[in-house]
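Enquirer: For chain A, the structure is supplied; the task is to place chain B on it using the hints.
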Amino acid sequence: MAMQQGPALDKDVVIAPVALQGAFAEHQVMLKKLSLKRKICVVLVRSEEDLAKCDALILPGGESTTIALLARLAGLLEPLREFTKIKPVWGTCAGAILLAQEIQNPKKGGQELLGGISITVERNGWGSQVESFEAALEVEGLRDADRAFHGVFIRAPVVCSLNAKPSEPPIHVIARISAGLLPKTQTVVPHDEDDTDPTDARTIVALRQGRHLLTTFHPELTADHRIHEYFVSECVLSTCA
Amino acid sequence: MTTPIATPNGSPLPPPVAHGVGNSIGTPVVAPVKSGLAQMLKGGVIMDVVNAEQARIAEEAGACAVMALERVPADIRAQGGSDPHMIKEIVNAVTIPVMAKVRIGHFVEAQILQAIGIDYIDESEVLTPADEEHHINKHAYKVPFVCGARNLGEALRRISEGAAFIRTKGEAGTGNVVEAVRHQRSVMSEIRKASVMNEEELYAYAKDIQAPFHLLKETARLKRLPVVNFAAGGIATPADAALMMQLGCDGVFVGSGIFHSGDPAKRAKAVVQAVTHYNNPKILAEISEDIGEAMVGLSIDDKLKGGRLANRGW
Numbered sequence: 001m002a003m004q005q006g007p008a009l010d011k012d013v014v015i016a017p018v019a020l021q022g023a024f025a026e027h028q029v030m031l032k033k034l035s036l037k038r039k040i041c042v043v044l045v046r047s048e049e050d051l052a053k054c055d056a057l058i059l060p061g062g063e064s065t066t067i068a069l070l071a072r073l074a075g076l077l078e079p080l081r082e083f084t085k086i087k088p089v090w091g092t093c094a095g096a097i098l099l100a101q102e103i104q105n106p107k108k109g110g111q112e113l114l115g116g117i118s119i120t121v122e123r124n125g126w127g128s129q130v131e132s133f134e135a136a137l138e139v140e141g142l143r144d145a146d147r148a149f150h151g152v153f154i155r156a157p158v159v160c161s162l163n164a165k166p167s168e169p170p171i172h173v174i175a176r177i178s179a180g181l182l183p184k185t186q187t188v189v190p191h192d193e194d195d196t197d198p199t200d201a202r203t204i205v206a207l208r209q210g211r212h213l214l215t216t217f218h219p220e221l222t223a224d225h226r227i228h229e230y231f232v233s234e235c236v237l238s239t240c241a
Numbered sequence: 001m002t003t004p005i006a007t008p009n010g011s012p013l014p015p016p017v018a019h020g021v022g023n024s025i026g027t028p029v030v031a032p033v034k035s036g037l038a039q040m041l042k043g044g045v046i047m048d049v050v051n052a053e054q055a056r057i058a059e060e061a062g063a064c065a066v067m068a069l070e071r072v073p074a075d076i077r078a079q080g081g082s083d084p085h086m087i088k089e090i091v092n093a094v095t096i097p098v099m100a101k102v103r104i105g106h107f108v109e110a111q112i113l114q115a116i117g118i119d120y121i122d123e124s125e126v127l128t129p130a131d132e133e134h135h136i137n138k139h140a141y142k143v144p145f146v147c148g149a150r151n152l153g154e155a156l157r158r159i160s161e162g163a164a165f166i167r168t169k170g171e172a173g174t175g176n177v178v179e180a181v182r183h184q185r186s187v188m189s190e191i192r193k194a195s196v197m198n199e200e201e202l203y204a205y206a207k208d209i210q211a212p213f214h215l216l217k218e219t220a221r222l223k224r225l226p227v228v229n230f231a232a233g234g235i236a237t238p239a240d241a242a243l244m245m246q247l248g249c250d251g252v253f254v255g256s257g258i259f260h261s262g263d264p265a266k267r268a269k270a271v272v273q274a275v276t277h278y279n280n281p282k283i284l285a286e287i288s289e290d291i292g293e294a295m296v297g298l299s300i301d302d303k304l305k306g307g308r309l310a311n312r313g314w
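These protein sequence lines are chains A and B, in that order.
Under UniProt numbering, think of the first position of the first sequence as 1, with each following residue one higher.
Under UniProt numbering, think of the first position of the second sequence as 1, with each following residue one higher.
Just chain B, same shape as in the assembly:
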């Protein structure tokens, strides 16, 4: 199927390097090599893995990157806390980029991961926060960061701190996509609202959503976030992945959804195909067939084991 016009997620990011005659693009919001790697991940699936063997399964299934962690979110919920240390083994097992998580505000964990030579850091609400007020100053690192967001204000605050890549928070470890949908819909609806505002209204709106004005203005002009935006938190099926893509995401993270399912290799491959062919229901039907049991979805209420992770971060 040919896509003649750019869909929301097909819409271009601003060229980060301003060259050429008559160029009106301003200063890039993050360094091109940092945001550029996220651009290379677009249309792809990033999978949570806990050891080298899972990392290899993910790579064979077409993951465009893996997230190395000690336990997938569903197990962190059950067991509490996590502190990754299999990362080096995973780095050696695969050729695709390897990401790893640090606690919100834990800048020393970030220094350590950068020293190991990790490709991307996720400052993640899935781990217990180390700082209840401050996020990491992500401009200070050579390695790029991805951060979770529930709405436009939160996304722009993270970008202002140097995040080169945004994802929805969703509700990790639940196999339930409802929160990821809520967060993506909030971001998109706020962008649409901002895109028709005049400058005075944008100043007021920036104050209202607690976002830096210049980033809000750039977002309104682009009609999309100024960095790559993935879905994360509760994606369990190929249809979930395609849903998030049609809602305007550039790609997806799948955490517990792969290795907590009946047939991880098959499901992983199906999710990868779903992200490429998200606009083609016929292909989606074919790839959703016979892929084993999905992870059991948890309902997200006050009784949720481990509590709501998405409320972490400020």
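Next comes chain A alone, as it looks inside the complex:
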């Protein structure tokens, strides 16, 4: 993994949801509502030309197969991979799948990923839409840490394993769900029913690696800006990430 860079200090920071398919407008609105010391400029990315202006990206929720195909057809797949190697990127749900290094249960014939975070995820880990759920989450590092973050999980992916090599930035887990919420259909790993299990990767719902952020739920579907704020200040603007 190449050295990840923060934005130059002398200009506005450009942060962009990738606007190929999915809930990109929701992210755009959330970003515009942030009040931070540094001025941020929010644009949408649909082409290589748009991408060239960006300091950081958000890969939104949507369908990962659709977004990957549209990226390829727009000539964006390789540029996005290059971008991901050096600049901050946050993936939510489908975006989290794209940002993973490896996936289980891809579409038949496999599907294209961007990589960027050294984990394996399982697509539709919980099953169909009837298994979608909401849960109160404790997310480390947020402002007002005592206040739970409302996690909306929609056909969400499940984190299967963390695979960071010693040469790569370490993976830092920032939120887990209780093991009782895990998909019942999967092989059961021994766990403590009452609490978030620190040994089971599948309970992880938010994590960081270097300047990359991953959430398997949808902060953009709530009115709570704290994870957007976290991404901008900790992953994009911070000089010590």
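Treat the hints loosely; a few may be bogus.
List time: in silico PhoX-like cross-link candidates among lysine-lysine, alpha-carbon distance up to 25 Å [stated by the list, open to error]:
1) B:K193 with B:K217
2) A:K33 with B:K223
3) A:K53 with B:K282
4) B:K207 with B:K217
5) A:K53 with A:K33
6) A:K184 with A:K165
7) A:K33 with B:K282
8) A:K37 with A:K53
9) B:K266 with A:K108
10) A:K184 with B:K88
Calculated from the structure, these hints are not laboratory results.
Quick caveat, the model's predicted, so the values are computed rather than measured.
Expert: Chain B in isolation, oriented as in the chain A frame:
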């Protein structure tokens, strides 16, 4: 091309979960997990498929979901009636969400589809209605519903019954976009009208269009429907899809238009790209080239085989 300002379909939906200081958002009109899945489908194309093979073609072409049914509307017109039973095979063939249709008012068909584990139900006028007075009480289900509408009143009545997602009715199975345009224009024009009304006028307007007042008021405030709104019924070309997007839709359904065309895989991919790049005529020109014969468009008049489906629903 960068879009600096939000276009009609780029305009945000209300955050369904009210949290945070100083939040003025009221109660969500539907549960966040239900409306949320529709939000994930935005900017995408949902394709009608009749078997697992077509479902795979749709997934490879970038469909964000498929609608499983026994026959596409153009064939339902020709053969009458439909009763989906290939759904499970389709569910197993693809990783994207699978939707399926039930007859208007047929709540048992809905119970069955929910038990199968379908991702979304379309209470659809394309099938013969099971009830000529009542629609399904869609609040009672875990699985979310999409419903067709020809105007704002109809859309808000469906949302009030629990629909988490609205589409134009258009005229399915015709390959003719004119009715979808009419319905989308009605919805948008009525929203614009409502958005400048004061409260007394909104009460009168709610009565006039037979819509629940609180939903009309929320729509007027948002200047858009409070749920995701797709185009459906007669979309056959990439340009049709882009037209509906520019008229303010969040995405499109393509039924017969794909698998009744000369080269389904190519056309499907072109429509998918058209929905993403709907505002970029240069890209639209490129993707509209060399995509095979379009489905033959039927004129929508009294002689239309199977009659006008859009008149079903109340």
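Enquirer: What are the numbers of the hints that this structure violates, sorted from low to high?
Expert: Going through the list in order, the structure violates hints 6 and 7 and respects the others.
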